[in-house]
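Trainee: Chain residues, written in single-letter form:
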Amino acid sequence: METVLANRVTRRVVEAVLALLGVAVLVFVMLRVIPGNQITASLGTEASAALTPSQEAALRAYYGLDQPALAQFFGWLGNVLTGNLGISQRTGQTVLDMTLAALPVTIELAILATLFGLLIGIPLALLSASRPNSARDAVGQLVGLAALSVPSFLLGAALLSLVSKYLHYNPSAQGFARLFEDPGLNFQQMLFPSLVLGFGLAAPIMRTGRSALLEVQTQDFVRTARGKGVTALRVQVRHVLHNALVPIVTMTGIQFGYLLGGAIVVEQIFSVPGIGRQVLIGLQQKEYAVVQSTVLVIALLFVLVNLLTDLLYRLIDPRVRAS
Amino acid sequence: MGGPALLEVEDLAVAARSRRGDLEIVHGVSLQLGPGETLAVVGETGSGKSLTMLALMRLLAPPLAITRGRIAFDGHDLTSLSEREMRELRGSQMAMIYQDPMTSLNPLMRIGAQVAEAMTAHGVANSEARRRSLELLARVEIPDPERTARSYPHEFSGGMRQRAVIAIALAMRPRLLIADEPTTALDVTIQQQILALVNELRRELRMATIWVTHDLGVVARMVDRVVVMYAGHVVEDAPVDQLFHAPQHPYTRSLLAALPNPTDQSRPALVQIPGRPPLPTEMVEGCPFRPRCAQAREACRVRPVLEPRAAGRAACWVPVEEWRP
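As they're listed, the protein sequences go chains A and B.
Residue numbers for the first sequence follow the working numbering, beginning at 43 and rising by one.
Residue numbers for the second sequence follow the working numbering, beginning at 111 and rising by one.
One should not assume that every hint holds.
These stretches of chain A come out as covered by chain B in the derived footprint (C-beta under 8 Å, 3 or more residues) [unchecked claim]:
1. 269-275
2. 352-364
Counterexamples of contact, computed for chain A against chain B with all Cβ distances above 10 Å [what the hints assert, rightly or not]:
3. Val-67
4. Ile-76
5. Asp-139
6. Phe-218
7. Glu-223
8. Pro-315
Beta-carbon label-pair distances, calculated as ranges [to be verified]:
9. B:Ala-409 - A:Asp-262: 41 to 49 Å
10. B:Glu-154 - A:Leu-357: 20 to 28 Å
11. B:Val-430 - A:Gln-261: 43 to 51 Å
12. A:Arg-276 - B:Arg-407: 50 to 58 Å
13. B:Gly-185 - A:Thr-260: 45 to 53 Å
14. A:Ala-180 - B:Asn-371: 54 to 62 Å
15. B:Glu-392 - A:Val-362: 54 to 62 Å
Just so you know, these hints were derived from the structure itself, not from any lab.
For each residue, glycine too, the CB sits at the ideal point set by N, CA and C.
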């Protein structure tokens, strides 16, 4: 029993390390395949084309681009393993410090967005599944489809411009307030971006939830519960929804993982200094270390969220605990 | 029977509804049950007996629905009650034991909580329900209730699960218990134990009971009357002794003949009724048993109605005296 668990943990860790290594290689290669580098990004293409060979060589040496690719890769990886994620020439900060500042913002955004997604998605799923193929179901499905089809940049931009134009309310116009410095303003600034993200998240949660609920509803134990005289609402929540949670949690976990990768578009629209913006700016500036290290941190978080999802299964289903 | 009936079902029909119209599966079932009386409903798989029982509890799931008839239970017409009123009766006045104990318990809920829920649903306080659920588990002979109440269904065997389902059904001491083939999914050795347990509890709580089964032999010793169903119709309804010794419907006679009888060497070990029952989609003109009936004649092209015969009722045109052997 314990060795089975130990084996499983070992396997998960090995899988995670391999996945992270794959991500590191992929990002490293991609960055070097796309045109441009840190010289062209900081000087512009025209100026960098006018550089003399010796100037260019000096700059390449300065940015470390003169080294062979393998040396660059292992040099960076070695640094990361010792906790040095590199330095951003643009800000003069270490990538570690930048990430430590941006990550809590993104995590807060992801948690709020997931909460909104669940708050919108699960009631919609319950509504739709309570009477399949009825008017209710049609309404639920329509909202779900809308949430799936409306792109977040459109919804975000529309929300921002309508609210600021007609209600003269735009909390994002002020500098970003961090959660523990000014919680009130922080929440106002986070509300719209997390609503926009949550709305998009509600669609897959609603669809997964609806089909899971419909499947569970036909099972015999639901009839047993009704046969006891349990109220319809309690049957739906205590028996049906509870048994439909595993697919819902899986879907939510995956979506939460994506959100941790930074909702680049939404962060940009609402000026949220999250991890998505950090990657985007790093990419624009061709700051290889910033992009590589940040993406690696994101991948690590993704793996952790997956692990957490697995733990949640064990919490939900006693049969998983037993096996 | 005597006295007012506890349950009186009249012309109950169940159909699968669809946009293209209703497909009737149970065609006007009528039956009565007095307080404390026991009734067996027998018939082959697909004869509509389980659907009839689910209809009595108003537990049919769409697209199945009651399309016709009246269910009088203790003065209420169940077909006209609101879902809320019906919910109050379910579990408290009428309860059911289901066919498959492997699927009829919530896999994510502890056994004790599932038993207690049958009481809290009817206003019993949590602490009281918890205490009584332990007593109930002990009463259905589940060992070490304190510990087993905290178990999940997957930690139980089929027999243990069915005991838990029985505890749930009896939690509020209902006046009517419907046992829908409670032993078919169990090992033979467990079947007898479960039957004996339910029978004992039924007597103790003086519950009117309907046993649904496809095996006449199983309940012969435990019931007062038997209703025989065939293809969604009641074909015979008779006191148990008469049914076994003087069946009034050719189908009942065939069922009895098909009972294995290891002591009777003159008969083949297994007797079959030729053919198969019609599907709900197949229209049979007249008596539904006619294509398989040894007694069928011209008159059977008209559907027979359930009429008094001997001490019971039967739906057959051919008098018993005229039956061919």
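Trainee: The structure should be examined with respect to each hint, and the outcome stated for every one.
Mentor: Tested hints:
1. 269-275: holds (count 6)
2. 352-364: With 5 residues closer than 8 Å to chain B, the stretch 352-364 of chain A meets the three-residue bar; holds.
3. Val-67: At roughly 42 Å from the nearest Cβ of chain B, A:Val-67 sits farther out than 10 Å, so the non-interface label holds.
4. Ile-76: holds (49 Å)
5. Asp-139: Given a closest Cβ separation of 45 Å, the condition holds.
6. Phe-218: holds (43 Å)
7. Glu-223: Since the minimum Cβ distance to chain B is about 42 Å, A:Glu-223 lies beyond 10 Å and the statement holds.
8. Pro-315: holds (42 Å)
9. B:Ala-409 - A:Asp-262: 41 to 49 Å: holds (43 Å)
10. B:Glu-154 - A:Leu-357: 20 to 28 Å: violated (45 Å)
11. B:Val-430 - A:Gln-261: 43 to 51 Å: Because 46 Å falls inside the window, the suggested range holds.
12. A:Arg-276 - B:Arg-407: 50 to 58 Å: holds (56 Å)
13. B:Gly-185 - A:Thr-260: 45 to 53 Å: violated (33 Å)
14. A:Ala-180 - B:Asn-371: 54 to 62 Å: holds (59 Å)
15. B:Glu-392 - A:Val-362: 54 to 62 Å: violated (46 Å)
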